[in-house]
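K.L.:
Now that you have both chains on their own, put them together as the hints suggest.
Here are the chains, one letter per residue:
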Amino acid sequence: MLVKGLEKSFRADWMLYLFLLPGVAYFIIFKYLPMYGIIIAFQDYSPFLGIAGSEFVGLKHFVRFFTDDEFVRVFRNTILISLYKLVFGFPVPILLALMLNEVRIRWFKKTMQTLVYIPHFFSWVIFGGIVIQALSPTGIVNAILHLFGMDPVLFLGHKEYFRSIVVISDILKESGWASIVYLAAIAGVDPTLYEAARMDGAKKWREIWHITLPGIRNTIIILLILRLGSVLELGVQQVFMLYNPLVYDVGDIIDTYVYRVGLTEQKYSFATAVGLFQSVVGLILIYISNGLSKRFGGGGLW
Amino acid sequence: MRYLTLSEKIGHAANLALLFLMGLAALFPFLHVLAQSLSSHTAIVSDRVSVYPVGWQLEAYKQLLQDGAFYRSFGVAIIRTALGTAINMTLTCLMAYSLSRKHLKGRGLVMNMVIFTMIFNGGMIPTFLLLKQLHLLDTIWSLLLPSAVSAFNLILLKNFFQTIPESLVESARIDGAGHGVILRRLFVPLSLPAMATLTLFYAVMHWNSYFDAVMYINNSNLLPLQVYLRNVIVLDDSNMNLIDYSGATLISPESLKAATIIASVVPMIAIYPFVQHYFAKGVMLGAVKE
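If you read the sequences in order, they're chains U and Y. The number in this note's numbering is simply the position in the first sequence, starting from 1, with 623 added. The number in this note's numbering is simply the position in the second sequence, starting from 1, with 1418 added.
For reference, chain Y alone in the conformation it holds in the complex (with noise of 0.2 Å):
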């Protein structure tokens, strides 16, 4: 390392204050919401909570675990980010493996078409009366369906596919090989950050989705965990129990839903460390140019 003249240390400390302060910043709203959901009824309202419980109770994890629609929209969460993500990577990996074989006819024409619909759609009407028309709405299709490609990542995978060379594809088609086995064998193997990256960004978007399911879901049972965490934040939706039967406030609203947040979080933190190694990877995927 090269001498630093000393107007650059003080450049390298008050870099590393400011990313310090900018960390601090990011969890405390975050170590705010986890204290509450721990507090007392006095406590919060009294202003005493900020980064710590005060008054500690698990009066408002106990609630929300005894709530029967707490369960049935983390179930339904569950199982449309299993088989929403399942659709979303075998429609994906079948699609960019025909489009980055580039002696196929027809290969534009659907990558104009795949494109086109970046930069622009029907809206948000005309995609809500079609889900209408094919009696989709109120189904857990209307929440799989209409995402079932992203164009982007679309994109991206076919780009990757693009890099591994030719005489591997040649050599395999010389032994016989087809093209499932080409692409189940050679291609999935070879891309597995790529594959993980993907399955990562649909899972999230499964996961956090909830604007089409308000758009989309009437049927309670069929509401996903964000739709009521956002019921209980904001419309203040609940059946738990806030008093107790002699009419004493048991905990705080703000408890409860700073709970329910944090359960929501749990699973999003839970396999975090898990999957971060590949972003860097991931992202790198979008450099390549054709």
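Extracted from the complex, chain U is given alone in its bound form (with noise of 0.2 Å):
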């Protein structure tokens, strides 16, 4: 019977599976076959041997890095950064998106939109280029402290400095990409909402409060549960451009680390087991937050 619908439909549909295929064997391929690979975070994986000849070795590498000092540094760096780009960064589109809304001069707001948007186009190389010139010691930040009379200073290679560069630099290039989604919801919000509230005497800042952001209340618990769930994962384009020896001890996160022991110095068994307790973080992160939104109103992401 089922075997018989299943046919059928098959005979119907053929074409669309035909047009699945390619993309599934994709997903299969090199998204599905890695996560196997992860079986070697459980080995001591040598390239000879392969997979199936590779000797078992149990927790061996997670017991390992959870007693190295060098894991330890690199997951306070990464979950510091972490929180750092969050608390300082998540509200700034937001803001962004309220100031911009209230622009009525068509010109000032598109030309600003486009400053802000910019960007989010360049890749970290160009961005980070910039960033890295621009606080270079012949560059214009240390022009500007030349000013007030001040020292140069060589702001890379300034342990202090360099997280705070990571997660400003971060919030430069990404907050006015981020406020797209923000002015989409709220040009979202029911235009009467704000005509009744001006009926009842409401000011600009009330409006603002008791409509605007309730109106966009559901989008940002999305996004805040996306972020959350990518506590992690910080990318490594990013600080890969910005770090160098000197700021390892603040700057090294988990991305760049299991790219260094991993690639740089070939311990694939070691690195693996890293990134799957980064992935697994990640993933539990996710279900929490995603629960959390349900619990509170927010509607979840599934």
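In the EDC-like style, the derived pairs of lysine to aspartate or glutamate whose C-alpha atoms are separated by at most 20 Å in a straight line are:
#1 U:K890 with U:D691
#2 U:K827 with U:D813
#3 Y:K1550 with U:D667
#4 Y:K1523 with U:D636
#5 U:K826 with Y:E1426
#6 Y:K1427 with U:E830
#7 Y:K1427 with U:E725
#8 U:K732 with U:E797
#9 U:K826 with U:D813
#10 Y:K1520 with U:D636
#11 Y:K1523 with Y:E1584
#12 Y:K1520 with Y:E1584
#13 U:K708 with U:D875
#14 U:K890 with U:D692
#15 U:K890 with U:E693
#16 U:K683 with U:D667
#17 Y:K1480 with Y:D1654
#18 U:K708 with U:E856
#19 Y:K1550 with U:E888
#20 Y:K1523 with Y:E1588
#21 U:K890 with U:E678
#22 U:K708 with U:E783
#23 U:K826 with U:E725
#24 U:K827 with Y:E1426
#25 U:K708 with U:D872
#26 U:K683 with U:E693
#27 U:K732 with Y:E1426
In short, the hints are calculated from the structure, not lab data.
P.N.:
Okay, here's the thing in structure tokens:
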């Protein structure tokens, strides 16, 4: 019965299955085969022996990195940079959207939007390059310090500045683009609500506080969940561009650490174990924050 | 427009001023780099370059445009972006079309399979080892295939396709159109803003990625522009001449880095005005929920 049904649907829709084939093949080969490759986190993997021939060592690598000072440092850096980005960076696009939304001069609004969107389309090599140039001893930031009679500072070589530079440059690059979603959400707020508020004599501030913000509440919650779920995944492109051995102590994050240990030093199994830990924590965080969001009426991701 | 109270007027003015300052802050570093690329060595080392060139020179750009490695990496970036985006769009359209057909058996299973990859992945090292085993390292395919379909973009397009009325599809079927024709003649033209947005997202991703090339490519002839740029900026690594035959400094390394940055930014800025008006529509796509 079931087989017959499947057969029938396949005959009617064989073209649709054909369309699915390359995409599904892609997901299986490039997304699911690497998941199978995670096995090497529990082995002493050797490229010559392959996955089948390498020795199984259980949790050896996990025990090793949990007791390793360097990993503890990398883990702390990741969490700190991520939390700073969340605390200081998350509200910025919301504020920016609220501000842009109040501008009534069309050309001004358009120009500002263009200026704040554009950095999103620059790679981290370019944006990081601009940051490096601006902060170099001959750069514009030191030129401004010079105006006030201060000595030049080698910003990217100092541990105390590095995390701030990462957080601020990320805010500068991505806040504008992130504000689009909020602008779209604000545009979707029912205009009759504003009219009603005006009839009641509400001032602008009260409109923003009582209508606009509640109106985009769900959008804010969903984006916050997405951020919480990726607390350990900062992405490798930014830090890899900006950091240097002088600031490894404060700037090395899990992604850059996995790259250095795994690909430069070729400790495949150890680095895979670290990466697996990162992915599993991310998975748990996504589930928790999704549950929280549903509980508080924000509607989950699924 | 209704009557504004004094505090609201002040609020509006402050808002405009603050936005204006933010716009300037976004523009300044960029102008600074542009000025550096055009300034003389002595002006740069004596800290006199802010946002306009001092001691005008074009030597940095001349050097850059004489460097074979620059052209090669530029070419690699263009090939990667064109070929990669073509693969992305083809696979994404085909898959999104099938997944948007609600009667299709197994559709839920494939969707779950796609969504799971958004919250869990094999990680950097297993992916690297897979490419190694497939003998894709040091080929252009290592930059194209691992990112052939973005789960996020796929879901975006699938949702957009689902907003196309079923009755249109049915009447096309009655007229004898197969799925291939329906996709090409009906769905693609009806979702042009979505197509444009996704093409832009994919193209920008390919043009800007550099870390995959750092991991997967050793052959210097295959390095894309971003990696070339990074080597110039971070590693001070270039074949270009900073010193003339008498030993005097021609151009400052800062100028050279700045010129390389500007040259890589130009294509992005050149196409930006043409694609900007699709953004708003593109983002609204994401708001369509099943």
